[in-house]
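Chemist: Those sequence lines, one after another, are chains A and B. Going letter by letter, the first sequence gives residues 265 to 726 in my numbering. Going letter by letter, the second sequence gives residues 331 to 509 in my numbering.
Keep in mind the hints are simulated off the structure, nothing from the lab. As the structure is a prediction and not an experimental result, all values here were calculated from the model. Do not rely on the hints blindly, as some may be mistaken.
[As the list claims (entries may be wrong)] Simulated pairs of lysine-lysine, DSBU-like, Cα-Cα distance not exceeding 35 Å:
(1) A:Lys368 with B:Lys458
(2) B:Lys355 with A:Lys366
(3) B:Lys360 with A:Lys717
[Claimed, not checked] Here are the in silico distance ranges between beta carbons for each label pair:
(4) B:Ala412 with A:Asn333: 55 to 61 Å
(5) B:Ile389 with A:Leu597: 54 to 60 Å
(6) B:Ile427 with A:Ile631: 31 to 37 Å
(7) A:His723 with B:Lys383: 43 to 49 Å
(8) A:Leu597 with B:Ile427: 37 to 43 Å
(9) A:Glu590 with B:Ile389: 37 to 43 Å
(10) B:Arg386 with A:Ile543: 39 to 45 Å
(11) B:Pro482 with A:Phe305: 32 to 38 Å
(12) A:Ile303 with B:Ile427: 44 to 50 Å
(13) A:Thr696 with B:Leu393: 34 to 40 Å
(14) A:His723 with B:Leu393: 30 to 36 Å
Virtual Cβ for every residue (Gly too), placed ideally from N, Cα, C.
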Amino acid sequence: MHYEAPIREPLIIGDKSYHDITVDVARPIETAPPRSWWIVFSISLAMFLYGVGCILYTIGTGIGVWGLNKTVGWAWDITNFVWWVGIGHAGTLISAVLLLFKQKWRMSINRSAEAMTIFSVIQAALFPGIHMGRIWLAYFVFPIPNQLGSLWPNFNSPLLWDVFAISTYFSVSTVFWYVGLIPDFAAIRDRAVRPVTKHVYKILSFGWGGKAKHWQRFEEVSLVLAGLATPLVLSVHTIVSMDFATSVIPGWHTTIFPPYFVAGAIFSGFAMVQTLLIIMRKLFKLEDYITIQHIEMMNIIIMVTGSIVGVAYITELFIAWYSGVEYEQYAFLNRATGPYKWAYWSMMFCNVFSPQFMWSKKLRTSIMFTFFISIVVNIGMWFERFVIIVTSLHRDYLPSSWSMFSPTFVDVGIFLGTIGFFFVLFLLYARTFPVIAQAELKTILKSSGENYKKLHEQHGDH
Amino acid sequence: MATTESKQIIRALYDDDDVILKAVKDTRAKGYHVNEVYSPFPIHGLDHAMGLKPTRIAIAAFLYGLTGLIVAIVMTWGMMNADWPQNIGGKPSMTWIQNMPAFVPIMFELTVFFAAHAMVWTYFAVNKLYPGADAQNPDPRTTDDKFLMEVPVKGDRDELIEFLKSSGAIEINEVTENA
Chain A
265 MHYEAPIREP LIIGDKSYHD ITVDVARPIE TAPPRSWWIV FSISLAMFLY
315 GVGCILYTIG TGIGVWGLNK TVGWAWDITN FVWWVGIGHA GTLISAVLLL
365 FKQKWRMSIN RSAEAMTIFS VIQAALFPGI HMGRIWLAYF VFPIPNQLGS
415 LWPNFNSPLL WDVFAISTYF SVSTVFWYVG LIPDFAAIRD RAVRPVTKHV
465 YKILSFGWGG KAKHWQRFEE VSLVLAGLAT PLVLSVHTIV SMDFATSVIP
515 GWHTTIFPPY FVAGAIFSGF AMVQTLLIIM RKLFKLEDYI TIQHIEMMNI
565 IIMVTGSIVG VAYITELFIA WYSGVEYEQY AFLNRATGPY KWAYWSMMFC
615 NVFSPQFMWS KKLRTSIMFT FFISIVVNIG MWFERFVIIV TSLHRDYLPS
665 SWSMFSPTFV DVGIFLGTIG FFFVLFLLYA RTFPVIAQAE LKTILKSSGE
715 NYKKLHEQHG DH
Chain B
331 MATTESKQII RALYDDDDVI LKAVKDTRAK GYHVNEVYSP FPIHGLDHAM
381 GLKPTRIAIA AFLYGLTGLI VAIVMTWGMM NADWPQNIGG KPSMTWIQNM
431 PAFVPIMFEL TVFFAAHAMV WTYFAVNKLY PGADAQNPDP RTTDDKFLME
481 VPVKGDRDEL IEFLKSSGAI EINEVTENA
């Protein structure tokens with residue numbers, strides 16, 4: 265019934281029962297947040313409000329308050345957009361792809377990873393809006409029948425594909441997350457003592473009762489949604505990469521971008537999951553559920569995708585040399601030796617060099633080292649997008665159009681604002697939502713719980 | 331007499347998924363009908379043990395996806411070819427198929443969008459789940475660590491209760507349904 269190879273390490277540590285899982289997951293919701301939560305929340309809120317101020321200043325005054333110029337029309341705005349979309353990808357990877365591959369270790373991390381997806385896609389979705397010169401006309405991107413003889417959008421543009429991709433991605437990720445949350449909200453509802461809490465979770469849990477037929481449909485819906493979300497996650501970053509790949513700019517016009525951007529997205533997304541979960545498992549005392557093994561598994565994925573990104577960098581360089589196109593060759597020469605070489609080499613260092621440390625078992629099972637690398641990777645992946653966008657734009661076909669780019673405080677402020685907004689959402693989530701999919705986790709307790717594994721060892725499979 | 335008996339329902343509470351799974355099989359083998367099982371998590375093989383038919387929600391999702399694909403094709407053709415066949419950057423706009431590659435991302439996204447959302451709405455509708463609905467489980471412990479089986483009384487009531495107790499139930503409750 266619950267046979268599992270003895271070689272597998274337990275995924276749930278300690279002598280846990282089903283009830284213990286419920287209690288451990290419900291604890292952050294049922295207790296008051298500590299002072300440290302309020303401090304971090306206040307800092308995030310302040311950053312968010314500063315970002316709102318910068319956004320309003322941009323919209324009120326004009327895009328000219330940013331550091332963009334006539335040559336470099338995209339810089340921090342789209343860099344941040346791609347960066348945030350990329351971070352969002354790990355959540356869907358963990359909940360969908362790992363579900364298709366029946367990876368049990370996803371179960372204690374998928375809820376938070378999906379939350380991270382949704383909150384980072386919200387940050388990403390801000391940028392296509394606020395980088396518009398006339399944001400109040402943004403509704404024109406939608407194919408809505410109108411009084412201009414019905415004037416439609418142009419379906420040839422990857423920026424329009426982005427609209428469809430991001431809105432589909434956001435909405436499908438949200439329902440996927442919510443369908444999984446319903447049984448867990450029901451568990452909180454059934455435990456709630458205070459009438460207000462009970463009422464709120466009654467609304468959120470949609471009346472879930474855990475009937476056999478409902479669970480049967482639940483599993484089918486989860487599987488189909490995972491099957492839909494997997495190509496979706498690949499397509500979304502593919503479409504984002506086509507913003508560049510379908511252009512005629514040397515350094516952008518590359519067929520390798522779609523898979524390479526997706527690999528980079530998984531790479532940076534998993535790094536962000538590590539950053540968040542390493543802190544969360546400590547603060548919420550979830551070390552028994554988010555174990556060293558989970559961290560190691562994610563580090564292996566970071567190592568694999570980091571190596572794919574490394575291969576892509578080398579492929580780009582090889583093809584640039586092999587192509588014989590001097591513009592292409594110069595684009596890469598400029599990256600490595602031009603005025604932004606510091607950005608290029610920090611990108612190379614962070615993305616190609618740093619994940620290779622994970623080959624060492626000692627390093628990839630070290631929490632401190634993982635936390636450090638996860639930050640390094642996210643810095644590196646920010647630079648990757650910055651390097652691709654800015655170094656390809658600031659020097660291209662006509663030397664008379666060559667220029668430089670430097671951000672203003674508004675560029676930086678909006679980016680900081682999105683980081684603040686992300687953490688505001690994530691901190692609120694962590695205190696009100698069940699951060700571990702406890703219904704799912706209970707299904708693997710008997711096969712992957714430490715206590716049950718020991719029993720199997722002693723008594724064999726019953 | 332027979333009508334009042336059929337309204338009697340025994341609720342047997344269990345504290346282990348393997349025990350209730352076996353109990354469901356045995357109860358059905360004895361000729362009883364298992365009305366419902368409430369569990370805090372999906373129990374592998376329970377639907378089979380209860381004799382539930384496989385769900386057809388995946389077939390529905392496929393049809394919704396097909397609808398989305400058709401919507402995308404008709405929309406791009408209508409807007410880009412039928413309504414305003416313009417030259418935008420030298421892209422061929424005479425027939426839809428000539429410029430089809432540019433529409434693939436839209437076709438794909440709308441397929442996924444329709445399939446995912448319509449399937450989830452269907453799921454909510456057939457399970458009668460909506461914001462603020464009353465909890466469908468009769469015992470709040472069944473979302474934590476207890477499992478509940480509902481068996482309507484057929485024949486001798488005491489014999490059924492004895493049987494359920496021997497199957498590992500930790501608690502037996504009897505309710506009368508107001509039919």
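Chemist: Run the distance test for A:Lys368 versus B:Lys458: straight-line Cα separation, threshold 35 Å.
Modeler: 30 Å, holds
Chemist: Is the gap between the beta carbons of A:Thr696 and B:Leu393 within 34 to 40 Å?
Modeler: 36 Å, holds
Chemist: Could you tell me whether the CB distance from A:Ile303 to B:Ile427 stays inside 44 to 50 Å?
Modeler: 60 Å, violated
Chemist: Holds or violated: the 31 to 37 Å window for the beta-carbon distance between B:Ile427 and A:Ile631?
Modeler: At roughly 55 Å between Cβ atoms, A:Ile631 and B:Ile427 fall outside 31 to 37 Å, so the hint is violated.
Chemist: Is it true that the C-beta distance of A:Leu597 to B:Ile427 lies inside 37 to 43 Å, as the hint says?
Modeler: 41 Å, holds
Chemist: Measuring from beta carbon to beta carbon, are B:Ile389 and A:Leu597 in 54 to 60 Å?
Modeler: With Cβ atoms ~56 Å apart, the hint holds.
Chemist: For the hint 39 to 45 Å, verify it against the beta carbon of B:Arg386 and that of A:Ile543.
Modeler: Taking Cβ atoms as reference, B:Arg386 and A:Ile543 lie about 43 Å apart, which means the hint holds.
Chemist: Using the Cβ atoms, figure out if A:His723 sits within 43 to 49 Å of B:Lys383.
Modeler: For A:His723 and B:Lys383 the Cβ distance comes to about 37 Å; the hint is violated.
Chemist: Falls inside 30 to 36 Å, the C-beta gap from A:His723 to B:Leu393?
Modeler: 49 Å, violated
Chemist: Given a hint of 37 to 43 Å, does the C-beta separation of A:Glu590 and B:Ile389 actually sit inside it?
Modeler: 56 Å, violated
Chemist: Should the hint that B:Pro482 and A:Phe305 are 32 to 38 Å apart at their CB atoms be regarded as holding?
Modeler: This hint is violated: roughly 52 Å between Cβ atoms.
Chemist: Is the hinted pair B:Lys360 and A:Lys717 satisfied, with a Cα-Cα distance of at most 35 Å?
Modeler: 34 Å, holds
Consistency note: the structure conflicts with the earlier hints numbered 4, 6, 7, 9, 11, 12, 14.
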